[in-house]
Amino acid sequence: EPEVTQTPSHQVTQMGQEVILRCVPISNHLYFYWYRQILGQKVEFLVSFYNNEISEKSEIFDDQFSVERPDGSNFTLKIRSTKLEDSAMYFCASSRGFTNTGELFFGEGSRLTVL
Amino acid sequence: QQPVQSPQAVILREGEDAVINCSSSKALYSVHWYRQKHGEAPVFLMILLKGGEQKGHEKISASFNEKKQQSSLYLTASQLSYSGTYFCGTEGTGRRALTFGSGTRLQVQP
Numbered sequence: 710e711p712e713v714t715q716t717p718s719h720q721v722t723q724m725g726q727e728v729i730l731r732c733v734p735i736s737n738h739l740y741f742y743w744y745r746q747i748l749g750q751k752v753e754f755l756v757s758f759y760n761n762e763i764s765e766k767s768e769i770f771d772d773q774f775s776v777e778r779p780d781g782s783n784f785t786l787k788i789r790s791t792k793l794e795d796s797a798m799y800f801c802a803s804s805r806g807f808t809n810t811g812e813l814f815f816g817e818g819s820r821l822t823v824l
Numbered sequence: 327q328q329p330v331q332s333p334q335a336v337i338l339r340e341g342e343d344a345v346i347n348c349s350s351s352k353a354l355y356s357v358h359w360y361r362q363k364h365g366e367a368p369v370f371l372m373i374l375l376k377g378g379e380q381k382g383h384e385k386i387s388a389s390f391n392e393k394k395q396q397s398s399l400y401l402t403a404s405q406l407s408y409s410g411t412y413f414c415g416t417e418g419t420g421r422r423a424l425t426f427g428s429g430t431r432l433q434v435q436p
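Residue numbers (this note's numbering), protein chains in the order written: chain F, 710 to 824; chain A, 327 to 436.
Looking at chain A on its own, in the form it has when it is part of the complex (with noise of 0.2 Å):
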């Protein structure tokens, strides 16, 4: 089951903050973030595991709720670089393989 990503897209001033949401209807064993800027590949940011663990990029946080089955990415102080499409990707109890939402697309101004 593909998870749910809210907002699709969001405008932001440099230095503005941002969240990006993202739900699965299944339970989740980890949730993976990853952005892509235009004609690239995917690059990792971070992985949230059940029970609470955390790896990923020092200015980017993000939260993980396992009871609601839902992860919100956290952007802070935006740079221009943070510009791309976000992608969550889940690991859930149906498909242990990562499956993506369909992406939030981010666009930071001067």
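Looking at chain F on its own, in the form it has when it is part of the complex (with noise of 0.2 Å):
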């Protein structure tokens, strides 16, 4: 069964560095996201891409982030300049078409801690 796959799982970085979180959607999905989930609290969405550039964006997805698709497969969120708050889970999904037709498939996450 075809998934949505993230790298690295889990990444410590240090306050101030800066960090690329990697996904690879679903192959014949068109839609791709960016979500957060603070330990225990709830799924916070950051960005939404389609057609190669942002369709969304929430007010946490400021300067310090930015979304790219490098080549055909790979979807990846940078963190320019890592702050202690930005300690998260980070989910990448994809799905096939837009939010109100169908499912959003979620990647395992990449636990990020910033010390």
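Accuracy of the hints is not assured; some may be wrong.
[Stated by the list, open to error] Computed footprint of chain A on chain F, listed as stretches where at least three residues anywhere in the stretch have a Cβ under 8 Å from a Cβ of chain A:
1) 780-793
2) 806-818
[Said to hold, decoys possible] Straight line, CA to CA, 25 Å or less: simulated SDA-like cross-link-like pairs of lysine to any residue:
3) Lys394(A) x Pro717(F)
4) Lys787(F) x Leu375(A)
5) Lys787(F) x Ala344(A)
6) Lys393(A) x Ser332(A)
7) Lys766(F) x Gln328(A)
8) Lys751(F) x Asn347(A)
9) Lys363(A) x Arg789(F)
10) Lys363(A) x Glu710(F)
11) Lys751(F) x Ala335(A)
12) Lys766(F) x Leu793(F)
13) Lys766(F) x Gln433(A)
14) Lys766(F) x Glu710(F)
15) Lys393(A) x Glu712(F)
16) Lys751(F) x Ser767(F)
17) Lys751(F) x Ile337(A)
18) Lys363(A) x Gln773(F)
No wet-lab data here; the hints were simulated from the structure.
Fair warning: this is a prediction, and the values are worked out from it, not measured in the lab.
Glycine is no exception: its CB is placed at the ideal position from the N, C-alpha and C atoms.
Please dock the two separately framed chains into a single complex, following the hints provided.
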């Protein structure tokens, strides 16, 4: 069964360092998303991406964040200068069509710990 | 705007029923329900669309009141495997990507 894969599964970094989280969405999906979840809390929307550009972004997704689809398969989230409060589980998701057409498939997540 | 879920937590015995509610202050195009087990990614359960169409799980049902911007998830004859945190996600006029509620932690005991 096709799945969304994310790397790394866990990354520990020092405050102020740059981090890149990588995702390989399901191959025939057109919409890509990043969500994050601080331990034990709700799943928060960061950004959606379609047709090689950002569709929507939340207030969390400030200038420190960027997304890219550098080739036909990878979808990356970059955090330029990490802060302690960026510590969270970051989930990538993809969908075949837009939100009201079906489910989001989530990857297993990348746990980011900022020290 | 984040949807509001209730209750925050519920404990059931196997075989009992539960209802989880989700409401929004904005008009909605669709409501999704996901279940997340500890340490795992959210998994899709159901989508309810404006106009009444539903797609999802065989043993779990849900309703969507478009006028009240509310949805309810019905878990009947609960099994141990139903334990987890249930999130509703709403697609609304303000934001089309899913916005998730704060979750309802469900624990089913033998």
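Cross-check of the supplied hints:
no.	hint	result
1	780-793	violated (count 0)
2	806-818	holds (count 11)
3	Lys394(A) x Pro717(F)	violated, 42 Å
4	Lys787(F) x Leu375(A)	violated, 33 Å
5	Lys787(F) x Ala344(A)	violated, 41 Å
6	Lys393(A) x Ser332(A)	holds, 19 Å
7	Lys766(F) x Gln328(A)	holds, 14 Å
8	Lys751(F) x Asn347(A)	holds, 16 Å
9	Lys363(A) x Arg789(F)	violated, 31 Å
10	Lys363(A) x Glu710(F)	holds, 20 Å
11	Lys751(F) x Ala335(A)	holds, 14 Å
12	Lys766(F) x Leu793(F)	holds, 21 Å
13	Lys766(F) x Gln433(A)	violated, 33 Å
14	Lys766(F) x Glu710(F)	violated, 29 Å
15	Lys393(A) x Glu712(F)	violated, 36 Å
16	Lys751(F) x Ser767(F)	holds, 14 Å
17	Lys751(F) x Ile337(A)	holds, 20 Å
18	Lys363(A) x Gln773(F)	violated, 30 Å
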